[in-house]
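Asker: Below are the chains, spelled out letter by letter.
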Amino acid sequence: MNPDLQHVLTEKLLALGDDELVLGHRDSEWAGHAPILEEDIAFGNVALDEMGHAMLWYNLRRDLTGDDPDRLVYFRDPAAYRNLQMVELPKGDWAFTIARQYLFDAAEGVFLAQLAHSQYWPLAEVAAKIGREELYHYRHSSNWVKRLGLGTAESHRRMQAALDELWPYTAQVFAPLPHERLLVEAGFVPDPNTLRSTWLTTVAPFLRESGLDVPAHGGDPAAGRDQHTEYLTPLLTDLQEVARYDPTAEW
Amino acid sequence: MSEEEKLQEFEARIARGEKIEPGDWMPAEYRRQLIRMISQHAHSEVVGMLPEGAWITRAPNLRRKLILLAKVQDEGGHGQYLYHAAESLGATREEMIDALLSGRAKYSNIFNYPSLTWADIGTIGWLVDGAAIVNQIMLAQSSYGPYSRAMVRICAEEGFHKKQGQEMVMRYAKGTPKQQAMIQDAVNRWWWPTLMMFGLPDKDSPHHEILRRWGVKVRSNDDLRQEFVNELAPQLLALGLTIPDPDLHHDETTGNWVYGQIDWDEFWRVISGNGPMNKERMAARRQAHEDGAWVREALEAYAQKQVAGSR
Amino acid sequence: MSQWPRYEVFQQDKEGRPHQNAGSVHAPDAEMALQNARDVFVRRPNCLSLWVVPAAAIFAKTAQELAEDDTWQEELDSNTDQETYYVFQKQSQRRAMTYVTHVGEVEASSPAQALQRALQKYKGGTPYVWWVCPARAIFRSETADVESMFAPAHDKTFRMPNEYRVVAQMYEIRQGE
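Residue numbers (my numbering), protein chains in the order written: chain Y, 15 to 265; chain H, 25 to 335; chain B, 158 to 334.
Only chain Y is shown next, with the shape it has when bound in the complex:
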């Protein structure tokens, strides 16, 4: 693989892994605090899956660079994280958590379905593996969106507020990385420019069926993945606390 292509690929894998890691982190904050016991168990499964997916992406990256996933996660500073801003926002109420999970699951579904045809076979393989779990995640989060959207006046109000708050952040979801076109030209990843419209054709009608208004497109340019909100640093301080307490230790 030529070095430029490999460099963009490692950046892409980092972004994919970081998204899952940070979302999984926020999801895991619900452990023991969900609205009902059954959902504590169900949402624990979602968090567990997202963490597992992060590991799969980091492992692919390790195969290219030799970087140990644990070093990457625990000893990298916030500025070097490449996750979406959407996933680092605090967990909020249950409506916010569900709305974010739904928007992310839908985006992942669209991306993975096309990534399964990647010319870089390790990507295709992981896409297929993650894809089957994401199918279930989509089912889970969409079932929740529909019920909260159409449930009571309060649940509807909370869902709409969550959606309105999250929507501007979705501009970042399919924004290409610098030089991502190299990956597209090599047939490694789908063209990010086509993904957003595919995603919208899934998400917009579903949200309307769920009684929710699809917020207007702000049209602001998407933030780069090197830009973060004020919430990422405390999140990583928490995540890295024990590992950094004794960096030489094996845990």
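Simulated from the structure, these hints should not be mistaken for laboratory data.
Please note: incorrect hints may appear among the correct ones.
Said to hold, decoys possible - Here are the simulated PhoX-like cross-link-like pairs (lysine-lysine), alpha carbons at most 25 Å apart as the crow flies: (1) LYS30(H) with LYS218(B); (2) LYS278(B) with LYS143(Y); (3) LYS160(Y) with LYS30(H); (4) LYS143(Y) with LYS171(B).
Unchecked claim - Some chain Y residues close to chain H (C-beta under 8 Å, calculated; not the full set): (5) ALA48; (6) PRO49; (7) ILE50; (8) GLU244; (9) LEU246; (10) VAL256; (11) ASP260; (12) ALA263.
Stated by the list, open to error - A short list of chain B residues far from chain H (calculated; beta carbon distances all over 12 Å): (13) THR228; (14) THR241; (15) SER249; (16) SER267; (17) LEU276; (18) LYS280; (19) GLY282; (20) ALA308; (21) GLY333.
Even glycine gets a Cβ: it sits at the ideal position worked out from N, Cα and C.
On the provided structure of chain Y, position chains H and B as indicated by the hints.
Answerer: Relative to the frame of chain Y, chains H and B by itself:
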């Protein structure tokens, strides 16, 4: 059949090793004791998610994070199996949760102790879950079918909980100086509360006789506690750890590891609400329950609208 | 405050094996009940298919209840609308995990009549517990769900006790004592 004959038949069935199932005749006291025990046990699993759940975000590597998430998720599942067993006796989930949140119901004292460092996660796995398993293996033979089945399922899943904890304790005991200090400190804090998990000595245990007679418990608290100490003490010592009991010694004639006096005053202090974390644990459960109220209402409303729409 | 209705869960663990009762879940509706059943009962790889049934739709009697009371019985009636009922039995006192297992179906016009027909049709052995429920009350996972709902549990090997080699390691440490 008279009540007396029914009782005789009930006890004969238990003596034959039959399981009592929902719908079968049972003494009111059997039902009452089982609801008390099973719902306490369920509450313990659910409250037990908190001290460990608080460390998921801080797990020091990705593998430990996956393991701890899976474990806390399992504990929710165990609470769920147990609430189901209590429901089969006529208790509703609403009543049981209300009893917990209002402070009327008890749960295992052990979860009123704080988890102060990551090493506590290893200790909870090996010591606390290890102690729970000794008790649960016994309860899997319980005469009440749904309780027994829940326990069989739980025991099958707890094996992983205990072993992942043991793996950590072993690694940290042989690890860096900081890890060794952490794990020794954790063992020091968790040892005695773990021994109290088996409950009062048989002579002071108020429900002991009746639970034995009706096959709910088939072994005594002291017997189970001794089995646990015999298993754990030599292993902890082999790892170079110390156990915070100056009287602990191996008795060559009985083969038992004899332990010192348990501080039952502390046990009573914690169970009556004055342990280090009672208020925090209850506050967390109440908060989750209250924050979830609008969610549960919304899904009920949606379900009702669907039913109305399909008519 | 409501914890939602209860649904009984039946699980098929192997091809060709009957569905067995695994426990129950609370859920606002059947679709969510199926989802909850998956997350509660299939954290480990042991499932090909799940059924969920509202607990209120199940008519249950133990052998003891049948022996002592027949007032629940109705006059059998083949003229009014018949529908299919599923029949479940607890057949063994020995196997610790087993409760009621699916044994077959009967046609009937009420739960009581379904149980009467089941008692005639499935009278072999010594069943300890009988359950009947209308087929239309059962909400089922589909074959297409196996990949996304049940197969992923196979990859979570860290849930398996044999992932941890602590017994062998402890043995080595104690040999060196």
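Asker: Hint by hint, note whether the structure agrees.
Answerer: Verification of the hints:
no., hint, in the structure
1, LYS30(H) with LYS218(B), "holds (18 Å)"
2, LYS278(B) with LYS143(Y), "violated (46 Å)"
3, LYS160(Y) with LYS30(H), "violated (52 Å)"
4, LYS143(Y) with LYS171(B), "holds (23 Å)"
5, ALA48, "holds (7 Å)"
6, PRO49, "holds (3 Å)"
7, ILE50, "holds (6 Å)"
8, GLU244, "violated (18 Å)"
9, LEU246, "violated (13 Å)"
10, VAL256, "holds (4 Å)"
11, ASP260, "holds (4 Å)"
12, ALA263, "holds (5 Å)"
13, THR228, "holds (15 Å)"
14, THR241, "holds (20 Å)"
15, SER249, "violated (10 Å)"
16, SER267, "holds (19 Å)"
17, LEU276, "holds (15 Å)"
18, LYS280, "holds (19 Å)"
19, GLY282, "holds (15 Å)"
20, ALA308, "holds (17 Å)"
21, GLY333, "violated (9 Å)"
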